[in-house]
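*Asks:* Protein chains in written order, with the UniProt record's numbering: chain A, 1 to 433; chain B, 1 to 433; chain C, 1 to 433; chain D, 1 to 433.
Since the hints were made in silico from the structure, they are not lab data. Any given hint could turn out to be false.
Each pair may be met inside one copy or between any two copies, as identical chains are not told apart.
To be verified - Below, in silico cross-link-like pairs of lysine-lysine (DSS-like), each with a Cα-Cα straight-line distance of 25 Å or less: (1) Lys183 x Lys166; (2) Lys270 x Lys166; (3) Lys222 x Lys3; (4) Lys366 x Lys164; (5) Lys300 x Lys425; (6) Lys166 x Lys134; (7) Lys423 x Lys3; (8) Lys190 x Lys3; (9) Lys45 x Lys222; (10) Lys166 x Lys433; (11) Lys280 x Lys183; (12) Lys166 x Lys366; (13) Lys26 x Lys134; (14) Lys425 x Lys291; (15) Lys26 x Lys61; (16) Lys45 x Lys184; (17) Lys134 x Lys280; (18) Lys423 x Lys164; (19) Lys414 x Lys164; (20) Lys166 x Lys179.
Listed here are the chains, written in short residue letters.
4 protein chains.
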Amino acid sequence: MAKGLKIAVIGGGSSYTPEIVEGFIKHYEELPIRELWLVDIEQGKRKLDIVGELAKRMVVKSGLPIDVRLTLDRREAIDGADFVSTQMRVGLLEARKWDERIPNLHGIIGQETTGPGGMMKALRTIPVLLDICKDIEELAPNAWLLNFTNPAGMVTEAIARHSKVKSIGLCNAPIGLHKWLTKKYEVEAKRIYTEFVGLNHLHWVTRIEIEGEDKLTELLDKREEYSGKNVPATEWDPEFLRTLGGFPSYYLKYFYMQDAMLEDQLASLKANGTRAEVVKRVEDELFELYKDPDLQEKPKQLEQRGGAYYSEAAVNLMVSLRNDRRDIQTLNVANGRVLDFLPEDAAIEVNCVVTGQGPLPLPVTKVPEQAKGLIAAVKTYERLTIEAAITGNRGIALQAMAAHPLVPSVRVAKILLDEMLEKNKPYLPRFFK
Amino acid sequence: MAKGLKIAVIGGGSSYTPEIVEGFIKHYEELPIRELWLVDIEQGKRKLDIVGELAKRMVVKSGLPIDVRLTLDRREAIDGADFVSTQMRVGLLEARKWDERIPNLHGIIGQETTGPGGMMKALRTIPVLLDICKDIEELAPNAWLLNFTNPAGMVTEAIARHSKVKSIGLCNAPIGLHKWLTKKYEVEAKRIYTEFVGLNHLHWVTRIEIEGEDKLTELLDKREEYSGKNVPATEWDPEFLRTLGGFPSYYLKYFYMQDAMLEDQLASLKANGTRAEVVKRVEDELFELYKDPDLQEKPKQLEQRGGAYYSEAAVNLMVSLRNDRRDIQTLNVANGRVLDFLPEDAAIEVNCVVTGQGPLPLPVTKVPEQAKGLIAAVKTYERLTIEAAITGNRGIALQAMAAHPLVPSVRVAKILLDEMLEKNKPYLPRFFK
Amino acid sequence: MAKGLKIAVIGGGSSYTPEIVEGFIKHYEELPIRELWLVDIEQGKRKLDIVGELAKRMVVKSGLPIDVRLTLDRREAIDGADFVSTQMRVGLLEARKWDERIPNLHGIIGQETTGPGGMMKALRTIPVLLDICKDIEELAPNAWLLNFTNPAGMVTEAIARHSKVKSIGLCNAPIGLHKWLTKKYEVEAKRIYTEFVGLNHLHWVTRIEIEGEDKLTELLDKREEYSGKNVPATEWDPEFLRTLGGFPSYYLKYFYMQDAMLEDQLASLKANGTRAEVVKRVEDELFELYKDPDLQEKPKQLEQRGGAYYSEAAVNLMVSLRNDRRDIQTLNVANGRVLDFLPEDAAIEVNCVVTGQGPLPLPVTKVPEQAKGLIAAVKTYERLTIEAAITGNRGIALQAMAAHPLVPSVRVAKILLDEMLEKNKPYLPRFFK
Amino acid sequence: MAKGLKIAVIGGGSSYTPEIVEGFIKHYEELPIRELWLVDIEQGKRKLDIVGELAKRMVVKSGLPIDVRLTLDRREAIDGADFVSTQMRVGLLEARKWDERIPNLHGIIGQETTGPGGMMKALRTIPVLLDICKDIEELAPNAWLLNFTNPAGMVTEAIARHSKVKSIGLCNAPIGLHKWLTKKYEVEAKRIYTEFVGLNHLHWVTRIEIEGEDKLTELLDKREEYSGKNVPATEWDPEFLRTLGGFPSYYLKYFYMQDAMLEDQLASLKANGTRAEVVKRVEDELFELYKDPDLQEKPKQLEQRGGAYYSEAAVNLMVSLRNDRRDIQTLNVANGRVLDFLPEDAAIEVNCVVTGQGPLPLPVTKVPEQAKGLIAAVKTYERLTIEAAITGNRGIALQAMAAHPLVPSVRVAKILLDEMLEKNKPYLPRFFK
Ligand SMILES: [Mn+2]
Ligand SMILES: [Mn+2]
Ligand SMILES: [Mn+2]
Ligand SMILES: [Mn+2]
């Protein structure tokens, strides 16, 4: 321990990297990092160099003895690591563009994680992550893998079922909600108690208490909204919200407000192109900023990017794992016996006590009846998608697509699948053998 | 036993009655009926008289000592009965018309059992059935209640959870499939082995074997189709079918071929009105036939009506219950521990061994992964609907409607619900207190 | 099918063989056997020759075209078999003698299946059976293995968990109870309905109905007793029996009447030696009879031996499997979801519907609260014993012995284990590496 | 909150009271008590007065504004309470004497909680506790009931299943183990991580880690022993301990070392009488001390009494409940889905996160196979005992006694039960109607 930790960030050339570097600097005391390895692939070398140099400048400014290393050799970075974190995008924003655009062209929600396009993201990503896991099994068997790579729920489940790596899936939505509550009620974070039920990007918050007092009812009554920047605000039906039994994730609008969300997407597509294209422009601007040799800190503009608190979530988790802190965090882990209507090996997003030996999921005290059907339906889609990703079987992929609640028929499933597989050919060798 | 059985048929004025009377006559030896009570409500008296007189003529012709009684006094009919069978339609075909028409007007599948209109049918029917159950608890606590009243799955679950009556839900679809296989393969029924998984009007047949040999694969490969008369045939995607893992109930087309089915319905609505209106005309013709005082048997035309083998299913079940026959029948019963992703008290449609003490559900040996999500989603809708039926709570009803997989958004759910509740006002006193 | 079945009986030199041969002759029509292979080991050749020649004379007398083959080559017998049946005794009656005697010498129940001595039988037998299963996997992967080899519950569970062979465990106790009821109530077997709950040699009969009428209550009230010949009758406490909620297997006396049974055993040991020694004398006499070249049928004296109806149980099962008969038989199979307090892969003894694809366990409708603790305690002992058999780990064996409900302390467990392992050295190579 | 808490201690005349009063004084800041009510029954008035006056003197010395009230009116004490704590002994030490002595006289372990005598304690206590719960339901429905009354597991389960009171069962054994580890390893309590599996007085500690490092293995290897004062130390078999998979509660010696423990008890009985009689003498001496009007603090001698850390356990729990502290404590709560082999409503002793809304049980990460059988067997005994306590049914009581793992036969069960019921007649009106 004395010698400090080794951390490998896979996808280290991401525009998010300054955020996590800032987090590491801030929490150096509880998480004394000796080596921080930023890894990327050949194709991402340019971005890795830019953001990596910024990271080095940030560390220099901090005065901390953290050794920042940039590499294209994943195995070197993983070797002996204490924590491996992944934040990759197989196929880059170009692939995402089609995940969003193709469904839209057929009158279907285009969303890169929960929409049917998310299936392509899973098919591209899962095999790559499982390859990384093989390296971790071999080179850093005791490491914790923190997976931010979306679709984080499916990726986490694929890893849990198909590798021996100790892994945890992470999303910034739960911590984001906490931050929002903290500001709204002007209260310390630890005074707030929330209970999450569901899957990644498909959760309901079934308890919100401040100093033991229920706030959920008033939040639902007033139709208060916590929304990520990447999802437009739309009005909820008040009666529906009041009887739902949980504060819905903003991603649930894609299901509950399918028609309004689609309309909004189509208008936005016309005006600005896909979300991928918008993000691409933001990223390009960020990298322009990062190049500035005088910049020694995370630029304010990064906060526009959509991944707020991502760094805080990651650092919180590492600190608790390392220090056996036993605090409650909302994570993506194997269901175990928490939800009685899902298999034990299904990944869910749930409150966990983070011990030194890993997270222990807490029992849920309330599950909205309404939520069960949707959770089960999406989980069915997810499990079939994972199977398709591993086998490269088109029939299974079709079953998965047809099982997606936003896909109205097998006919449409077939069309979407065929077009999207074709577009993803370079990333899906298993489907084109 | 020596003195024979008492049977009460609630909704005895139904056009189906000659079918079941024929069944009773045919199986008199195994099911020696002393008294057959046909019960109906004031509103149905005319039909009861017509069909009741036909029933009497049929019995006279058979020469059997069965005493046929017509009554509007339900309690008299139930008192001391061995079997009570229900085949009712609260609100008659007029109410059904709106269950089908209102969704269609909003571009949604209109189907009286599995469509969102089925929710109204459940709301109208469940309280009436639970009232009947109170009479059975009091007057015939040992009777078996055979429930044919649709939506049979929800009605059966409501009874199982909210009364002490021993009840079983029945549908003619499973026996119909058997008959179809019998003819197709020219083989005795008992040589065929099938395994059903799912809910009423939402099942997959996961094993079809003839003398131990698998036939499911070829049936799926060839896209063979067994279809009830009330559902138009449409092409299945061959790849989808081949990888589905089960022979789908024809009701599943409403989910898997939502777009084609809707198109077909809208065309049909334009040409012939709703299915309710078509059925109404068929029924009127049947009753004209029934009036003929020379008619002493079930007229051939009844087979056009859509309830084929209904009588055979009912009589089969009564015979096995009475004689502890221990054969396998596909019935709607409480899940118990059969499907691990549903509550123990959820009604499912499953193979059962019918013993003298009631049906024992058999474990399922295969559950298509694809089916799980849809089963769970529909069951969530069903459970919320049952809760709404019992409480008269509009918020719960809205949750139910929004949970229906054929309803694309809360906005549409609200519209459908409001219009349909209004139209059903006379039958839904709990919602208009 | 036309060409008839091949059956391999492993342990074919057993004194029981004439019983099963008689069964095959009687049921030839439903079970047309072409080849009947009797297999034994070198050590059993003399007995195999004697009983094998008798089997041949029985078949000749029957006039049926069954080809009886005697062999010491197990693989030849298994190759392409439709059914494999095992009735072995690793270590012969000599080993059994010590299974009974050593516990008795320490004041503990000596019983070859349910007593702590049964653990040695399991340790000797499980590896041999798993070897046989490897041959079946290779040479007859579609064969059904019918396992009569005791301790049948543990052996069946070991096979189910550690091989791919389709196997079923069998005991004559359930069929024996049926026969007893048939005689007692002078009623056809199919009029009787019984429900069994528990494990092999540890079951409770929770429903006994004749033509739908409860007989369990009167049987318990009158302390009626069905007892195998190898267990002495002893008085049950009437209040205990009345409130127990099930008719106890006579093997349960070893637990419920531990003191009286032990006293009886010690007296009997003094007078006649162990049960093994008594059986040895009976067997020697049987083989003397079998030698008679004029004997062409099963001698009456075999019925004294203790395995009554064993043949009937085996033939019943084979007939139902071959003909998809779907009748109810009480068998040892994997628990699945039948008993919610045991693992899914635990072998239990339970009513099954025997289909052409194998037995399907029926749900239990009543489980005596009292029974649960004992079932769970014995199952824990069984699972640890299976683990010990496979690993040869003495620590696990000690855990198993200490978990046996008839062993009062770890100290005694250690003594029994050490003495018995030593005595079984030739049969337990895994423990003496 | 500002006005402070009201606490009712039922059985306030107990010799333990100074201990809990000391705790309240020490933790006043986190647990600001306004009123502390000590309640007892008429029979205990003398003791209540003595210990109550001491309590008052202790509070006066502390200078805190806590109002100590002594009363025989339970309802007055409960009315509006925030916490109710129970530490009663129905029948006093006199009844305990027979719980220990009668089994001993028949050669059976005499132990007031886990032995068969504990059944009498449960029969005497459960109805009284359920009466108290009725008062709490009426007068303090939001109160938390902290139950220390033994047998704490059964009492807690009875309350959870038969009342609506929010209750938690407590024992000082888990905290005692922690304290022992703290001293042994000279480390802060929060650096130690332990995981408990089992029931009250029947647990295994399956993980013991200090700063993330495993210590369980060495503790088992070295046969280190943490033992309560009331249980004599005896040697464990080293091989048994090493392969057991958990550090056993010292109460487990009654099962694992039944023979040695019985021998010890019989010797001790001869020398000093029962443990009850020894305790009686200790208590008499304590009350002599308490009478001293100059005594203003808990006397050192109380620590000899056996209930060490009892106060700390209680105060810890109250503090966490009141302040939503979310720390991990080992408590007796409903199983929920923690142990898959026990019913959801069975009380277990397990790690919980204590939130402001109550404890949430943590999943167990390891369950020794060996432990499962014994846990299930004891739980069966417990559930039957609870049913007997509520119904007063002798048949059920006999089933319970016969199910106790320390009772070797139904015959012995009957003898123990008859003698003990007779001796407890005054406290068991339900059994003598
Ligand atoms: Mn996310
Ligand atoms: Mn139907
Ligand atoms: Mn047997
Ligand atoms: Mn205790």
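*Asks:* Next step is simple, just say for each hint if it's right about the structure.
*Replies:* Results for each hint:
With identical chains, the CA atoms of Lys183 and Lys166 are never at most 25 Å apart, being 34 Å at best within one copy and 33 Å at best between copies. When the C-alpha separation of Lys270 and Lys166 is checked against a cutoff of 25 Å, the pair qualifies neither within a copy, at 43 Å, nor between copies, at 57 Å. Proximity of Lys222 and Lys3 under a CA criterion of 25 Å is satisfied in neither setting, with 52 Å inside one chain copy and 32 Å between copies. In this homomeric assembly, Lys366 and Lys164 come within 25 Å of each other (Cα to Cα) only across copies, at 18 Å, whereas the closest approach inside a single copy is 32 Å.
When the C-alpha separation of Lys300 and Lys425 is checked against a cutoff of 25 Å, the pair qualifies neither within a copy, at 37 Å, nor between copies, at 58 Å. Taking the shortest alpha-carbon separations for Lys166 and Lys134, only the intra-copy value of 12 Å comes in at or below 25 Å, while the best inter-copy value is 35 Å. Neither within a single protomer nor between protomers do Lys423 and Lys3 lie at most 25 Å apart by alpha-carbon distance, with minima of 48 Å and 56 Å respectively. Only between protomers do Lys190 and Lys3 lie at most 25 Å apart by alpha-carbon distance; the minimum there is 24 Å, versus 32 Å within a single protomer.
With identical chains, the CA atoms of Lys45 and Lys222 are never at most 25 Å apart, being 48 Å at best within one copy and 52 Å at best between copies. In this assembly of identical chains, the alpha carbons of Lys166 and Lys433 never lie at most 25 Å apart, being 31 Å within a copy and 36 Å across copies at closest. For the identical chains of this complex, Lys280 and Lys183 are neighbours neither inside a copy (30 Å) nor across copies (59 Å), given an alpha-carbon limit of 25 Å. For the identical chains of this complex, Lys166 and Lys366 are inter-copy neighbours only, at 17 Å across copies versus 28 Å inside a copy, given an alpha-carbon limit of 25 Å.
Within a single copy, Lys26 and Lys134 get their C-alpha atoms no closer than 32 Å, and across copies no closer than 54 Å, so neither meets the 25 Å cut-off. When the C-alpha separation of Lys425 and Lys291 is checked against a cutoff of 25 Å, the pair qualifies neither within a copy, at 33 Å, nor between copies, at 69 Å. For a Cα distance limit of 25 Å, the shortest separation of Lys26 from Lys61 inside one copy, 12 Å, qualifies, whereas the shortest one across copies, 47 Å, does not. For the homomeric pair Lys45 and Lys184, neither the shortest alpha-carbon distance inside one copy (42 Å) nor that between copies (54 Å) is at most 25 Å.
For a Cα distance limit of 25 Å, the shortest separation of Lys134 from Lys280 qualifies neither inside one copy, at 31 Å, nor across copies, at 59 Å. When the C-alpha separation of Lys423 and Lys164 is checked against a cutoff of 25 Å, the pair qualifies neither within a copy, at 32 Å, nor between copies, at 42 Å. Taking the shortest alpha-carbon separations for Lys414 and Lys164, neither the intra-copy value of 34 Å nor the inter-copy value of 37 Å comes in at or below 25 Å. Taking the closest pair of Cα atoms, Lys166 and Lys179 never come within 25 Å of each other, the shortest separation being 28 Å inside a single copy and 32 Å across copies.
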